[in-house]
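Asks: Sequence:
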Amino acid sequence: MATATHIRIDRTKAVIEWQWDSVTRTLANPDPNYDPIQFTVHIDTSTDDGQYRAHFEIDIPFRFKDKPTGASVVLRINPLWIKSFCFANNHEPSGTVKEVFNSAVTFLDFELSSEITVLIPDDVQNPVSVSRGRSGQILDLLYELSRVTAFRIYIQDDFSSLDGLNCISIAAEQRQIEPFSDASYGISEMFEGNGAKPVDIPMPPPP
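In short: position in the sequence shown from 1, add 135, done, that's the numbering used here.
Hints listed in this document are in silico derivations from the structure and should not be mistaken for laboratory results. Ideal placement from N, C-alpha and C gives every residue a C-beta, glycine not left out.
Cross-link-like lysine-lysine pairs, in silico, BS3-like; alpha carbons within 27 Å at most: (1) Lys233 x Lys148; (2) Lys332 x Lys202; (3) Lys148 x Lys332; (4) Lys200 x Lys148; (5) Lys200 x Lys332; (6) Lys218 x Lys332; (7) Lys202 x Lys148; (8) Lys148 x Lys218.
Ranges between beta-carbon positions, derived for each pair: (9) Pro314 x Pro203: 28 to 34 Å; (10) Asp183 x Ile322: 25 to 31 Å; (11) His226 x Asp170: 22 to 28 Å; (12) Arg267 x Asn301: 39 to 45 Å.
Please model the complete structure; the sequences and the hints are all you need to start from.
Replies: Structure (structure tokens):
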């Protein structure tokens, strides 16, 4: 952990996986499905105070009723809530994941002490309404994701160095990881500067 490490991967294609009622659930195809789910990770271990900085964000294209194009839901993982973090690279995908990735992937396993944060554009009405059925299905999955504290993220196996991920794994165990304090990471800067707001996804209606 002595070597300073900087990792900045912006908006790489991703698939999310979790357990719900003992069933493996996957979110791989957003709405529209030609725009991929994207994962951003920034890591900086060069700080002088012994605390490492990290930023984790998942962008899911989504069609809101009052914003049917060019919008998304963002999931943010607060580094302060990470209880454990592990990963593996050169992993052969299977099932739904293989439909998105045709080569080896890296998976990142998160266990949190609190639920993930769900963010929508500030100019979208809350509670969320969808413009069509596919986004409604995604909304139901987001309800589940917003209530679990363990999940896996698959991304392309494109890390040139895994040192930063190793550092985050160790720092999470030692409670030495926190968010970036930079204003550029604030939710007021999200969605091209238009701002974001947290939402509570409602329970889906009974079938």
